[in-house]
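Residue numbers for the sequence shown follow full-length UniProt numbering, beginning at 1 and rising by one.
It is worth saying that the hints were derived from the structure and are not from the lab.
Hints may be right or wrong, so weigh each one.
[As the list claims (entries may be wrong)] Dumping the calculated BS3-like pairs for lysine-lysine here, alpha-carbon to alpha-carbon at most 27 Å:
| # | residue 1 | residue 2 |
| --- | --- | --- |
| 1 | K63 | K24 |
| 2 | K38 | K52 |
| 3 | K24 | K44 |
| 4 | K52 | K66 |
| 5 | K66 | K38 |
| 6 | K24 | K38 |
| 7 | K44 | K60 |
| 8 | K48 | K60 |
| 9 | K5 | K44 |
| 10 | K24 | K52 |
| 11 | K5 | K24 |
| 12 | K52 | K63 |
| 13 | K24 | K3 |
| 14 | K60 | K24 |
| 15 | K38 | K48 |
| 16 | K63 | K48 |
| 17 | K24 | K8 |
| 18 | K63 | K44 |
[What the hints assert, rightly or not] Computed spacing ranges between beta-carbons, pair by pair:
| # | residue 1 | residue 2 | range |
| --- | --- | --- | --- |
| 19 | E2 | E53 | 38 to 48 Å |
| 20 | K38 | E2 | 25 to 35 Å |
| 21 | S61 | A9 | 24 to 34 Å |
| 22 | K48 | V19 | 16 to 26 Å |
| 23 | K8 | L64 | 37 to 47 Å |
| 24 | G12 | E53 | 11 to 21 Å |
| 25 | A9 | S50 | 29 to 39 Å |
| 26 | K44 | G14 | 36 to 46 Å |
| 27 | W11 | K66 | 43 to 53 Å |
| 28 | K8 | K63 | 19 to 29 Å |
| 29 | L7 | V37 | 19 to 29 Å |
All C-beta atoms in this analysis are idealised placements derived from N, C-alpha and C, irrespective of residue type, glycine included.
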Amino acid sequence: DEKLKELKAEWGEGIYEAVVTALKELNEYNASGRYPVKELWNFKAGRKASLKEAAQHLIKSCKLRKRKR
1 DEKLKELKAE WGEGIYEAVV TALKELNEYN ASGRYPVKEL WNFKAGRKAS
51 LKEAAQHLIK SCKLRKRKR
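Start from the sequences, fold in the hints, and give me the full structure.
Shown next as structure tokens:
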């Protein structure tokens, strides 16, 4: 894509890679609409959270809410 080539030339490899990664993620979830989709993220590991991690997070959240009552 010409715009990506211009971006890489003007801003460098780091910005180019970030944009390419973002476009790939948007296409992965909705190639036709390209709207953002919320997703649980594991920031410590720098990746999407697994189903097991998501379940653990929900259980932990429920336990915290019960204590507040």
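Quick rundown of the hints versus the structure:
1. Annotation: proposed proximity of K63 to K24 is violated, straight-line Cα distance about 36 Å (limit 27 Å).
2. Under the criterion of a C-alpha separation no larger than 27 Å, the hint pairing K38 with K52 is consistent with the structure, at around 17 Å.
3. Between the alpha carbons of K24 and K44 the distance comes to roughly 22 Å, so the proposed pair stays at or under 27 Å and holds.
4. This hinted pair checks out: K52 and K66 have alpha carbons roughly 21 Å apart, not beyond 27 Å.
5. Proximity of K66 to K38 is assessed by CA-CA distance (about 26 Å); at most 27 Å being required, the pair is judged to hold.
6. About 15 Å separates the Cα atoms of K24 and K38, which keeps this hinted pair within 27 Å; it holds.
7. Our distance criterion of 27 Å between C-alpha atoms is met by K44 and K60, whose separation comes to about 17 Å.
8. The hinted pair formed by K48 and K60 meets the criterion: a straight-line CA distance of about 18 Å does not exceed 27 Å.
9. Proximity of K5 to K44 is assessed by CA-CA distance (about 32 Å); at most 27 Å being required, the pair is judged violated.
10. With a CA separation close to 25 Å, the supplied pair K24 and K52 stays within the 27 Å bound.
11. Using a Cα cut-off of 27 Å, the hinted pair K5 and K24 holds, with the two alpha carbons roughly 16 Å apart.
12. About 17 Å separates the Cα atoms of K52 and K63, which keeps this hinted pair within 27 Å; it holds.
13. Proximity of K24 to K3 is assessed by CA-CA distance (about 15 Å); at most 27 Å being required, the pair is judged to hold.
14. Taken as a hint, the K60 and K24 pair is broken in the structure, with Cα atoms around 32 Å apart against an allowance of 27 Å.
15. A threshold of 27 Å between alpha carbons decides the hint, and for K38 with K48 the separation of about 11 Å falls inside it, so the pair holds.
16. Pair hint K63 plus K48 holds up; C-alpha atoms about 23 Å apart against a cutoff of 27 Å.
17. Restraint check for K24 and K8: satisfied, since their Cα atoms lie roughly 16 Å apart, inside the 27 Å limit.
18. Pair hint K63 plus K44 holds up; C-alpha atoms about 22 Å apart against a cutoff of 27 Å.
19. A hinted range of 38 to 48 Å holds for the C-beta pair E2 and E53, which are about 40 Å apart.
20. At about 32 Å, the CB distance of K38 to E2 agrees with the hint of 25 to 35 Å.
21. Taking 24 to 34 Å as the suggested C-beta distance range, the pair S61 and A9 does not conform, at roughly 46 Å.
22. For the hinted restraint 16 to 26 Å between K48 and V19, the CB-CB distance of approximately 19 Å keeps it satisfied.
23. The given range of 37 to 47 Å is respected by K8 and L64, whose C-beta atoms sit roughly 45 Å from each other.
24. A C-beta distance of roughly 34 Å is found between G12 and E53, which places it outside the suggested range of 11 to 21 Å.
25. Restraint check, A9 to S50: a C-beta distance of roughly 38 Å satisfies the suggested window 29 to 39 Å.
26. Against the hinted window of 36 to 46 Å, the Cβ-Cβ separation of K44 and G14 comes to about 22 Å, which falls outside the hint.
27. The hinted window of 43 to 53 Å between W11 and K66 holds, with their beta carbons roughly 49 Å apart.
28. Look at K8 against K63: about 47 Å separates their beta carbons, and that is not inside 19 to 29 Å.
29. As the Cβ distance of L7 to V37 is approximately 24 Å, the hint placing it in 19 to 29 Å holds.
In the structure shown, a violation is registered for the earlier hints numbered 1, 9, 14, 21, 24, 26, 28, in ascending order.
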